[in-house]
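Participant: Residue numbers (my numbering), protein chains in the order written: chain A, 1 to 315; chain B, 1 to 398; chain C, 1 to 190.
Please keep in mind that the hints were generated in silico from the structure rather than gathered at the bench.
Just to be clear, a hint being listed does not mean it is correct.
[Stated by the list, open to error] According to the in silico footprint, chain B covers these stretches of chain A (three or more CB under 8 Å from chain B): (1) 51 to 63; (2) 82 to 88; (3) 102 to 111; (4) 269 to 278; (5) 297 to 311.
Just so it is clear, CB atoms sit at the ideal spot from N, CA and C, and this is done for glycine as well.
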Amino acid sequence: MAVDYTKYLRMDKMPLYWCPGCGDGIVLKCYLEAIDELGWSKDDCAMVSGIGCAARVTGYVDFHTLHTIHGRAIAVAVGIKMSHPDKHVFVFGGDGDLVHIGGNHLLHACRRNVDVTVVLINNWIYGMTGGQHSCTTPPGAKATTAPRGSFEPTIDVCKMAIGAGAGYVARGFAGDPTRLKKLIKEGLEYKGFSLIDVFSPCPINFGRRNKLGDPAKLLEHMKSFLVSSAKAKRMSEEELKGKFITGVLHKDTEKPELTEAYKSIVEKAQASDEYWAKYVKGTLSESDKNKITREELKKLYPYDVETPLKQWKKL
Amino acid sequence: MGRIAFLNANAAVAEAALVAGLGFYAGYPITPSSEVPERLSKIMPEKGLPFMMMEDEIASINACVGASASGVKAMTCTSGPGFSLKQEALGMACMFEVPLVVVDVMRGGPSTGLPTRPSQQDIMQARWGTHGDHPIIAVAPCNAQEAVFETIRAFNLAEKFRQPVVLLTDGSLSHLHTKIYIPDPDEVEIVDRAQPEVDPENYYPYDYNYEVPPLAKWWTEDGKSYRYHLSSLIHDKTGFPTVYPKYAQWLLERMHNKILNHRDEILKYEYYKMDDAETCIVAFGSTAEAARVAIDQAREEGIKVGMFRPLTIWPSPEEQIRDIASKVKQFIVAEMNLGQYKLEVERIVGGRAPVYGVSQAAGVLIRPSQIYDKIKDPSKRVEIGLTEEELKRFGGGE
Amino acid sequence: MGFHYELRFAGVGGQGSLTAGTILAHAAVFHTNYYATQVPTYTSQVRGGAAKADIIISDTPIVFAESTNVDFFLATHQKAYDAYKGDLKKGADVLVDSGLVKVPDEDAKIYKIYEYPLVKVAKYEIGNVVTMNVLAVGICVGLTHVLDVEAVRETVKEEVPERFLDMNLKAFDMGLEVGEKFRREGPTKK
Ligand SMILES: Cc1ncc(C[n+]2csc(CCOP(=O)(O)OP(=O)(O)O)c2C)c(N)n1
Ligand code: SF4
Ligand SMILES: [Mg+2]
Chain A
1 MAVDYTKYLR MDKMPLYWCP GCGDGIVLKC YLEAIDELGW SKDDCAMVSG
51 IGCAARVTGY VDFHTLHTIH GRAIAVAVGI KMSHPDKHVF VFGGDGDLVH
101 IGGNHLLHAC RRNVDVTVVL INNWIYGMTG GQHSCTTPPG AKATTAPRGS
151 FEPTIDVCKM AIGAGAGYVA RGFAGDPTRL KKLIKEGLEY KGFSLIDVFS
201 PCPINFGRRN KLGDPAKLLE HMKSFLVSSA KAKRMSEEEL KGKFITGVLH
251 KDTEKPELTE AYKSIVEKAQ ASDEYWAKYV KGTLSESDKN KITREELKKL
301 YPYDVETPLK QWKKL
Chain B
1 MGRIAFLNAN AAVAEAALVA GLGFYAGYPI TPSSEVPERL SKIMPEKGLP
51 FMMMEDEIAS INACVGASAS GVKAMTCTSG PGFSLKQEAL GMACMFEVPL
101 VVVDVMRGGP STGLPTRPSQ QDIMQARWGT HGDHPIIAVA PCNAQEAVFE
151 TIRAFNLAEK FRQPVVLLTD GSLSHLHTKI YIPDPDEVEI VDRAQPEVDP
201 ENYYPYDYNY EVPPLAKWWT EDGKSYRYHL SSLIHDKTGF PTVYPKYAQW
251 LLERMHNKIL NHRDEILKYE YYKMDDAETC IVAFGSTAEA ARVAIDQARE
301 EGIKVGMFRP LTIWPSPEEQ IRDIASKVKQ FIVAEMNLGQ YKLEVERIVG
351 GRAPVYGVSQ AAGVLIRPSQ IYDKIKDPSK RVEIGLTEEE LKRFGGGE
Chain C
1 MGFHYELRFA GVGGQGSLTA GTILAHAAVF HTNYYATQVP TYTSQVRGGA
51 AKADIIISDT PIVFAESTNV DFFLATHQKA YDAYKGDLKK GADVLVDSGL
101 VKVPDEDAKI YKIYEYPLVK VAKYEIGNVV TMNVLAVGIC VGLTHVLDVE
151 AVRETVKEEV PERFLDMNLK AFDMGLEVGE KFRREGPTKK
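Looking at chain A on its own, in the form it has when it is part of the complex (with noise of 0.2 Å):
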């Protein structure tokens, strides 16, 4: 099934960005694919990032997009859904972008299962900015900023997430699109929050400075981090220390959605209307629509400045 991307993308940007051999690319057209197959309207898609090579995306999708601010994309789209709780909203963005100065908005955005996709491209360094650590650097690899190999411990941000609340959280590789495309078909269906963590290689700024410069040396590299849900199955807590597990790693179906969430509250709202009773209280009601005049108003706001009232500009 061939699918026609041009529908989708912004095609006077072309050529992309990315660096030959960067993983965004395959990335996106999973991504691509996944929308495709669903049959979603771009009218009906929206999509924010925030800084970074991955962030680039939001340039090519002709969805409604925002390019925002580094780390924050996840609030921005926050925003979003719960102004417009019928639209699709998705959020791609790299590791530093979202696990790292963005962290705090990821692990919100897990705990409220608000339905949001987001695509993480964890390429394990900051691309961007020329190959600084990031959170997601595995200890003892170079970058510019570790000449000596990284001394900090990494993180999983699946179990992060999955420890947050987040109602669907996966593990994908750019080394398998096939399987990366299902995980976020999966991913954009689910009604709530799912994440979706993609190793992807960065052999630029990540490989060439730890000899794995050869986009499929490095492909083959990640690769040896990362185990089969499956796989992971049959092996033990040792087997799996330092390894990353691929799949779907959670699916709630039962913890609600926030726009759902916060339609219940706007029924219960509606249906007392209590405090607004209570502060409508000095209304004056239709018999008494002369009661506040020019002199009673003048009182209360004495000024020789102008008002937004349309009736009396200057009091």
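Chains B and C with the ligands: place on chain A using the hints.
Facilitator: Relative to chain A, chains B and C with the ligands alone:
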């Protein structure tokens, strides 16, 4: 029909935001601003409007930018430390040119400062808090009634100029309850962002043909969908990044000009007993109320003193202040900080008249008596105007 | 200056003495033609710290709402009394809870001191300690005549939850009577 209510400025801001058409609120609690979200959390669900408490002030303003970009009027509210956290995204709102209202209930700073006490220490932060050459509009009401009017105006300015507007109140206004009138939406002028006349295919979010290009709602009521791109990078008319020097220069100049060329619509100020004044007090917000009392008292003694009160703090009422400078003998800028707005007045006056200050950052309101003393002898430093009895109440001093 | 009256309601956080002030302020703005302002002040201690609400009622707009000449002072806790008696006018009417506040003898020479077991009466005679505020409002109005009785009664009806209404109206009337008696007979502490 409108309503009469007995409210403080926080509640007034919340109510007025709804009158102005607030469609999305996101915030993070901080003294002395928390009553704004508390009140909205009660009312907004009853009106079917989304209300969120986010994980921090950064998330709050970012969520507001998202909501606003998609076509909804948004507001966030905070105080000092939170205002600092919001700065980066405030710059994004300037760059996107999306309407937004940011309320800062000023408390004593720096840092955690004096959480429960009033100040006016964020005047310069409101202007220059976020990096880069950006325009800003900031307004400062002097009481709860004016907070109603200025909140509505802040939303209108934001929508009209595609521009974040900072509403500056202070910790004392957030306590002071007064009788106010909350107008009904149809009693006031409500501005909604201009919508494009062209179809989505021909729409540019930064169309060069406009000083303030229409900002299309993503999803219009008649079912159209405007898909376009906004970027926090320097961009051309399409919204896509460019590094072309001419475009960068154009963009920043247009962003500034859309404000500076429309000062007559944005500036608001009050002249109080200025006709024959020889001394001009410059004061805004709650300090202006103390100045008013001091001026009345001095006038009774025949002292020719008046007040120029900017309601619009940024952009500056330069022409107005310059004009006053040619008429008066001296200025006294009274403010609850160590002379931030005085700096601006000095810049504008440019040496044409001496500029004195009642600059108090003590966490207590400037009293009429202090301003009165300054009127009597501007060269003399004014001490914090508290009685022994009152000082005792503050306890300790550690 | 025409009519200008300053009231201060003080207690400790959690006691709710401040709502007595709210009732009077609401009565002034919603049921009379007066202007009123209300400024609550809390100490950083949330529960158990002294707190006050200053009310100004005036027939002209109140520009700078600062209470420096308090005409009526209610204190329901010693801490509150000590902390906030500073701005009282000479000869101010001071109502204290006789069980909770001990007024120094020298104060009785400057102010008119009225002692009344507010909490006790609310709890045991009226039946619920929450009526203490309205009881105090009643005494205040009876003693000072600061506002029209009916205006305040209307406000009490609007402000208190329906299930406590009868109890509160009883408290209000009792308070009025006590206030009127104080007015006739003068301070209880000479
Ligand atoms: C507040 C802020 N801090 C730092 C930067 C600089 N910066 C831009 S992109 C980036 C890292 C991007 O890394 P990642 O999110 O992993 O994306 P990648 O480029 O690897 O795809 C950084 C640190 C910024 N733009 N804003
Ligand atoms: S620097 Fe790395 S992540 Fe960025 S485009 Fe190049 S390969 Fe991709
Ligand atoms: Mg990265």
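Participant: None of the hints should be skipped; say for each whether it holds.
Facilitator: Hints, verified against the model:
no.	hint	result
1	51 to 63	holds (count 5)
2	82 to 88	holds (count 4)
3	102 to 111	holds (count 4)
4	269 to 278	holds (count 5)
5	297 to 311	holds (count 12)
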